[in-house]
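**Student:** Please model the complete structure; the sequences and the hints are all you need to start from.
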Amino acid sequence: MTLSADPSDRRREVAGTNRPRERPRGAHAEELRLSEERFRLLVESVQDYAIFMLDTTGRIISWNAGAQRIKGWTQDEIVGQFFGVFYPEEDLAAGKPQWELAVVKEEGRFEDEGWRVRKDGSRFWANVVITALHDDDGTLRGFAKVTRDLTERRATQQARERFIANAAHELRTPLSVLIGIISYLETHHDLQPREVANHLEVLSRQGRRMHVLVNNLLDLTLLEQGRATLATSPVDLAAAVDRVVTTLPVPHGKTVAIDVDGLVLSDPVRLEQVIVNLLANAYTYGGPNVGIASRDLGDRVELEVADDGPGLHADIVEHIFEPFRRGEGTGPGGSGLGLAIVRGVVEALGGRVRYVAGRPGARFIVDLPKG
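Residue numbers (our numbering): 536 to 906.
In short, the hints are calculated from the structure, not lab data. Each residue gets a CB set at the ideal place from its N, CA and C atoms; glycine is no exception. Warning: the hint list may mix true and false statements.
[Said to hold, decoys possible] Pairwise CB distance ranges (calculated): (1) Asp655 with Asp777: 46 to 56 Å; (2) Arg707 with Lys789: 24 to 34 Å; (3) Pro786 with Asp655: 47 to 57 Å; (4) Leu757 with Arg729: 35 to 45 Å; (5) Ala815 with Asp771: 20 to 30 Å; (6) Phe617 with Val747: 50 to 60 Å; (7) Ile714 with Leu757: 23 to 33 Å.
**Tutor:** Below, the structure written as structure tokens:
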């Protein structure tokens, strides 16, 4: 290369060697096309979110796999329909879909939680975000809509709220009795010894009730969080049942028939906790005869606790293993946590528990690994 004697020419030459080469227009267009294609494939393949587009009138113009999974319609079935098809009748009557689009046009974005409708007519609790889409000139071209199914999360949150409310209610009753009696004793100094003894007995009984409830609440919380301490080993099932029957005396007028043998792989303390709760349940709800039996299933063992009482009412059966669910006839000392703890313990031990209606009575069957 020949160097120019003119410094300005040299500067132009040096500057020219540093100038970036322009990308051919065809290559830029192809890269843009591939980028758009990758984004389209990403959106279409998302399973956990319903992501789709609406035109400026609210009619559906695209549909992804998540939308089909959550809402039930295929793309061919839904494209072209007004998005109000996802709203309950009461929302349609109130003009909610049209109102939402009006808000998006004004503010650019709208977010809501509420009931939406699937193709089969069932409802689900949804989080919905609608975003306005404008071109470079600011002209509205349509809307992007993202929907999440929060039904399970909402149910969990509501269950937690009910659990806290019920726990507070259960604790309030014995606590009120304790406070009332203590206040009475503080202001009455001339009580007879027998009267004082009666009040102390009530204090002791209510204190024990609170102690049991708090322990049950702690057990259930640890089990649900998977933090319960379990030390499994082969456990003699007959010995465990005998210990429970000895420590939980048979009520007057009832008899217990026992036909149990074999080893199970279990935590001995937790296993006895399961048997205590099931046996106490049979004493509370059952008739005069209670039976405890086991069956060898090869690599597993079934333990059954049965009674000949009236059984459970049909409307409570599907909820019996939920916290604070009680059947008819529960005494005032029941916490409604016994069967929930039974399920938590049994499942933590790798087993299953189920309820079977007897003829008459009720049967609770626990399936555990053989020891």
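**Student:** All hints, please: hold or fail.
**Tutor:** Structure-based check of each hint:
At roughly 53 Å, the beta-carbon separation of Asp655 and Asp777 lies within the given 46 to 56 Å, and the hint holds. As the Cβ distance of Arg707 to Lys789 is approximately 32 Å, the hint placing it in 24 to 34 Å holds. Restraint check, Pro786 to Asp655: a C-beta distance of roughly 50 Å satisfies the suggested window 47 to 57 Å. Our hint of 35 to 45 Å for Leu757 and Arg729 holds, since their Cβ atoms are close to 42 Å apart.
Roughly 22 Å separates the CB atoms of Ala815 and Asp771, a value that falls within the hinted 20 to 30 Å. A hinted range of 50 to 60 Å for the beta carbons of Phe617 and Val747 is consistent with their spacing of about 57 Å. A hinted range of 23 to 33 Å holds for the C-beta pair Ile714 and Leu757, which are about 29 Å apart.
In terms of the numbered hints stated before, the structure departs from none.
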